[in-house]
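Residue strings, one per chain:
Number of protein chains: 2
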Amino acid sequence: MDNAGYNTGSFDGLHQVSDDDDDEMVDIAGATLDFSSTDDDPPLNSGGYEEHSPGRGMNGAGGPATMMDPLEDPVPGVGTYEDFNTIDWVREKSKDRDRHREITSKSKESTVALLHRISDAFSGWLLMLLVGLMSGALAGGIDISAHWLTDMKEGVCLNGFWFNHEHCCWTSNETTFQERDKCPQWKSWAELIVGTAEGGFAYVVNYMMFMFWALLFSFLAVILVRAFAPYACGSGIPEIKTILSGFIIRGYLGKWTLIVKTITLVLAVSSGLSLGKEGPLVHVACCCANILCHLFTKYRKNEAKRREVLSAAAAVGVSVAFGAPIGGVLFSLEEVSYYFPLKTLWRSFFAALVAAFTLRSINPFGNSRLVLFYVEFHAPWHLLELGPFILLGIFGGLWGALFIRANIAWCRRRKTTRLGHYPIVEVLVVAGVTALVSFPNSYTRMSGAELIKELFNDCSLLDSSQLCRYKQDSNTTSGTSVGNGLADRPADSGLYTALWQLSLALLFKMVITVVTFGMKVPSGLFIPSMAVGAIAGRLLGVGMEQLAYYNHDWIIFRGWCTPGADCITPGLYAMVGAAACLGGATRMTVSLVVIMFELTGGLEYIVPLMAATMTSKWVADAFGREGIYEAHIRLNGYPFLEPKEEFDHKSLAVDVMRPRRADPALAVLTQEGMTVEEAEALVDSTRYSGFPVVVSQESPRLVGFVLRRDLLISIDNARQRQEGVVSSSQVLFTEHAPAQAAEAPPPVRLRSILDLSPFTVTDHTPMDITVDIFRKLGLRQCLVTHNGRLLGIITKKDILKHMAQMANRDPDSILFN
Amino acid sequence: MDNAGYNTGSFDGLHQVSDDDDDEMVDIAGATLDFSSTDDDPPLNSGGYEEHSPGRGMNGAGGPATMMDPLEDPVPGVGTYEDFNTIDWVREKSKDRDRHREITSKSKESTVALLHRISDAFSGWLLMLLVGLMSGALAGGIDISAHWLTDMKEGVCLNGFWFNHEHCCWTSNETTFQERDKCPQWKSWAELIVGTAEGGFAYVVNYMMFMFWALLFSFLAVILVRAFAPYACGSGIPEIKTILSGFIIRGYLGKWTLIVKTITLVLAVSSGLSLGKEGPLVHVACCCANILCHLFTKYRKNEAKRREVLSAAAAVGVSVAFGAPIGGVLFSLEEVSYYFPLKTLWRSFFAALVAAFTLRSINPFGNSRLVLFYVEFHAPWHLLELGPFILLGIFGGLWGALFIRANIAWCRRRKTTRLGHYPIVEVLVVAGVTALVSFPNSYTRMSGAELIKELFNDCSLLDSSQLCRYKQDSNTTSGTSVGNGLADRPADSGLYTALWQLSLALLFKMVITVVTFGMKVPSGLFIPSMAVGAIAGRLLGVGMEQLAYYNHDWIIFRGWCTPGADCITPGLYAMVGAAACLGGATRMTVSLVVIMFELTGGLEYIVPLMAATMTSKWVADAFGREGIYEAHIRLNGYPFLEPKEEFDHKSLAVDVMRPRRADPALAVLTQEGMTVEEAEALVDSTRYSGFPVVVSQESPRLVGFVLRRDLLISIDNARQRQEGVVSSSQVLFTEHAPAQAAEAPPPVRLRSILDLSPFTVTDHTPMDITVDIFRKLGLRQCLVTHNGRLLGIITKKDILKHMAQMANRDPDSILFN
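Sequence lines, in order, name chains A and B. If you read the first sequence in the working numbering, its first letter stands for residue 1, the second for the next number, and so on. If you read the second sequence in the working numbering, its first letter stands for residue 1, the second for the next number, and so on.
Derived from the structure by calculation, the hints contain no laboratory data. Each hint should be verified, as a subset may be incorrect.
Note that the list lumps identical chains together, so a pair holds whenever it fits in one copy or between two copies.
[As the list claims (entries may be wrong)] Computed cross-link-like contacts, DMTMM-like style, restricted to lysine to aspartate or glutamate with a CA-CA straight-line distance of at most 20 Å:
1. LYS644 x ASP98
2. LYS453 x GLU376
3. LYS776 x GLU646
4. LYS776 x GLU642
5. LYS343 x ASP648
6. LYS106 x ASP648
7. LYS106 x GLU646
8. LYS471 x GLU677
9. LYS776 x GLU645
10. LYS343 x GLU642
Could you build the full structure based on these sequences and the hints that come with them?
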């Protein structure tokens, strides 16, 4: 997940004018241009100006509706946004309310209009239904395909190559309970090629085939991503967070990204790389939602409404990834969303349920369960076990903090050194190493999800897993019953072997995940983090179990852990550990606990999970407040105003606004008296995306604000369509035209594109309040006044740069506005 | 729950000046004065002025920290609020950030300061822990006492009068499984008084004693509420919603309210009135939180921080009411809270868990379960059952809408007619009627919670409940096993009797709840609504069951409801019905589903619950958008800006601001040139709570805003402490004193109380945007400018009045600011 995707391919053109100042006031349009500016206080009015083609992108939104003259037709293109820009939430929401008002008032006139109103009211729910159905179906397809391709690495089904291992053996009649995974129809590659499954040579053949498929899958994945949709790489969650906060990245949620991401996700997961499908599923669900938005005018034309749908889609993604609809909604609320009104809460919940139900109907896991890791524990936990759970929390926090540091350092290296130029080689090398190392160890050979399932599992008497190799205790066999059979027992040598293998797997997973997350293939972090935590938890759990078994008389075990009792459940420790590690990396808390709680379906384990995740969050926060997604957002320079972080400095608006003291005066338009030529010259000589309009140069009292894009489009439009408009025509922002000489050319009246309600703060406003206003209202810029006179302007980028400066970070790392 | 509590008792003085205009601009201080103003455009500058005593209320908050001069000592009382006023969220949050900044910067100096910083950081969590422990303990006490007193109405335990029925019979050795509730130690009143439990006379004695206790309990409850804490009545949720949105009602969450509410809640629940303890438990938890806030300076002195804690306490309340911590958090988020940052989400969750755990340790239900109605259903539901579930949703929605209308009409009648003058008589009459009618019917005689438990229950073979009187079917007895025993069976005559009784109970509950909710005793709505829905659901469920049993061959039953199968679970219908009715009354959706889901612990029933609650919400919304709590807020005239409702009108800020076109000019202060006398005269002649400060009368460019309370306190303070200050001293709001004649008295410098960053909007700002700003930033007032000149002011009350006008409601119903 790095920024290279934007620098390469279709975005190379952005480097053209990279040597300019970055000192623009409202550099919305210029945002994509200043990748590498270093000069801190350059002269104003320099810098290139990229031509703005009117009507590009989504047109016809009808201009800033709040101040539109109803008599004039809206000029196409006015009120839309450029790529890599921040939307104005207030304007978008106002636009939607205008639309809604219009429909409501029209609905009283005719039945058709009334039907339109009703269909409009229900279109949100219908859209949610479609998003749920589509995402659920896609997730089911991905699950099934990934399962099949993963098994393909080990062998093939004779009944049909399209059966996976489990499916293949279902159709077999001869399978007994014990031998379920060994049926004659399923042949390993060695059996097919050299005719035997035994012996060293067969092992080598299987090994080779395993590596071959892993390399093939990863190669296909990276090639497809490179060739068709560079945006399909990574987990997508950092970008979705940024998009939901109001940023525009065209094509990031488009159909090509959807198709390529769906296919390459299956390939990447099957290749055995240390990555999961959960984050990318959120991206896939958001793509579905974005594409389906095009069916409804209400959502197609309004960036704010669209983001409400995307917030719900994020919930859908997690819902289908884990089968946890409530957890998904909370994930969207806690981790991803920026603007999450109650309406979105209800709709997210609905969509998440529909998706989970669709997935259940597809039944990809073949167990009729909604959830990925269904576990049932038989024993309650004891209060004293909170000790080890908190230890797991500390481990998770430490691992999370370490992982974030290492991964960011590695990704930065990829961005800045020549490593980033060879993404295909990188993926192949990592995939090769992963396959090479993981084949000999059965716990790394199996997929991440299977490993977690195995680790979460509570040992029953009939369990054939190596992790359940306990000695049959004489105490329990005498009073034999199912309940007693689950009692703590001494570990057998098989279990000790498994523990060794697990320890090695833990080390390997910890290292390889750092280099894997961020490669140019779809890669989620949930499963690898959970795997690390689950291994650590299981190790600790088995350790505790053995400790308790051999030391029943210790004071801490006395009373609750009598001989023959089932007092410690290692699977629960694995679950707690998984939550702790995932929490350390992502800093989720409530949503994580709810997801884990939905996985097990028991309220009993909320307290252990909560204890571990809170500890993990506190420990990790001590090393740095950012979760992995925020770290990647910052690494990529997206303009993201973190809602969780408090602005803690004492600066005032006047310290942050442009122009600074040494700068030339603010570039402003006057409400009358400027000619078309002058206005165009002003626009041409600057790169700001918007200009304040004042009463006059002498009396800089604020009248309104006009966006560069709207201004240029409108002037072009006037020149083409309005008769007599020449360069010396006056540009008028006033309501009534002033008296003019009779022979003067007709003026260009632009009040309709003027935002008459720009946000202002006074120069004395503390920055903490200003940041709060930007966050809560979703502003793009805000004007600064002193005693009613315009002083300057603050943009989101200015704020982010200021915050970076205050935190001793490089302010130039903020790339976009 | 009506407003009479404020008009009577300690608030009678508020009527003194009720004949004045209500046309004030910033009528914060005047808010409590204008109860009955009717004049719409009276002359400005009239009206009484109540003396403001400096230092009243909570002092020492240190003034508006954002613009405080660090050299001056803060004047005590500056920066605090009057009773029945709205807080300024922005100012409060800014104050807290200043405090935090100070602690952080000091922490580098010494170890003590560092420890202070650490303790400050963890004080929030500690407070949450305490709130959870205290609320959990109180809830446990309430549960146990209510259980005991409820049983007291029917009889007494010979082993000790402090045992309840169940507890009494536990200690009995002779009880068998069947006869558990008939043990010799437990004597009904008839047995004690007339010596026999049989015959008509014994019945009459029991009936009389039942009524006696009901009347006694309700009398005690209403007397205690009237005498000690008028705020203890009602559910408290409307007031808590208002308080959380930033309103101040002193004493509403105080210790007397807590004590009286806890005691009277037990009495009211035990008296058999149709009310529940869930809403009042939220109030109790909030009282606990508010009282515990006094232990920590951080929360004691900051109204915004305190509200974060109260939001969490609301979650705690529901958590202990239902044993549903996640549902509680979502309830707080969806239904109660106004400002709910992620930090509060985490803390709410923590506190809710602690509380639930404390309650479980107390184990008031004696079943080791966290939840109130633990149910386990054995059969899954079928997709076709969604039909009846949606029917239940429609019923719930209709009932909810009807209930709200009827209840509000009744409460309005209580407020406006003489009915409201006899609250004690009212309570006694309602309690008497309830007891009289409910004794003969066993389903109304039992408490609401017991009734719901009975209705939710899935019939097992050994169940002795009348609702499980099915004929033993010959089909099933042949192949007898526990699984088959649960199959659908034909109803016995006992069941038909039960259904008749239930129908009567339904009618009675529907009527009596309307008059009960809003009486002067603590009364929750959750249990009565759920009871209504559960009865309706059970009736429909049994009906469906019998229909399916006798018509296995119908096309809709074919395939899934074969003879001998357990295809329809009437208990599930009851649960869905309960959710639908509660949803119809309160308009909760997600939180309700999660609460119900936590009650059963099974993800399987989310879809039926969701279908019913969404249907219920849609149906009820068609008759009026307001839930019962919002309706009560409006009935009481609280200044509550509903975050769910969209502002849908086309008005501009200029249409809403004061002064209106016909009004006299805005009362402003100038930054220099005014004397103390002039300033005091301006303040005395108006009732506004704040005044804009402008450059000069000729050039009304905005400099800042000063609050009436702060201004008066500061002038008083200067007169007393500053030497030479006389009435002709200049009042200066500027940074530097202008040149003055040598003999002139020293000026009063008030820049420190001047808010230099008042919020402004332009006159052209659409009101939808303005409302959004008020909601999101929690503003109290906002100034309106045009081209940099001050035009007027908009307060929260102005907005609410405007909204009322737009909705064709009486704008004078908004009482407070």
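Comparing the hints with the structure gives:
Taking CA atoms no more than 20 Å apart as the test, LYS644 paired with ASP98 passes between copies only; the shortest distance there is 18 Å, against 32 Å inside one copy. For a Cα distance limit of 20 Å, the shortest separation of LYS453 from GLU376 inside one copy, 12 Å, qualifies, whereas the shortest one across copies, 26 Å, does not. For the homomeric pair LYS776 and GLU646, the shortest alpha-carbon distances inside one copy (13 Å) and between copies (17 Å) are both at most 20 Å. Taking the closest pair of Cα atoms, LYS776 and GLU642 come within 20 Å of each other both inside a single copy (11 Å) and across two copies (17 Å).
In this assembly of identical chains, the alpha carbons of LYS343 and ASP648 lie at most 20 Å apart only when taken from different copies (16 Å versus 32 Å within one copy). In this homomeric assembly, LYS106 and ASP648 come within 20 Å of each other (Cα to Cα) only across copies, at 14 Å, whereas the closest approach inside a single copy is 49 Å. For a Cα distance limit of 20 Å, the shortest separation of LYS106 from GLU646 across copies, 18 Å, qualifies, whereas the shortest one inside one copy, 45 Å, does not. With identical chains, the CA atoms of LYS471 and GLU677 are never at most 20 Å apart, being 91 Å at best within one copy and 94 Å at best between copies.
With identical chains, the CA atoms of LYS776 and GLU645 are at most 20 Å apart both within one copy (13 Å) and between copies (18 Å). In this assembly of identical chains, the alpha carbons of LYS343 and GLU642 lie at most 20 Å apart only when taken from different copies (13 Å versus 23 Å within one copy).
In the structure shown, a violation is registered for the earlier hint numbered 8 alone.
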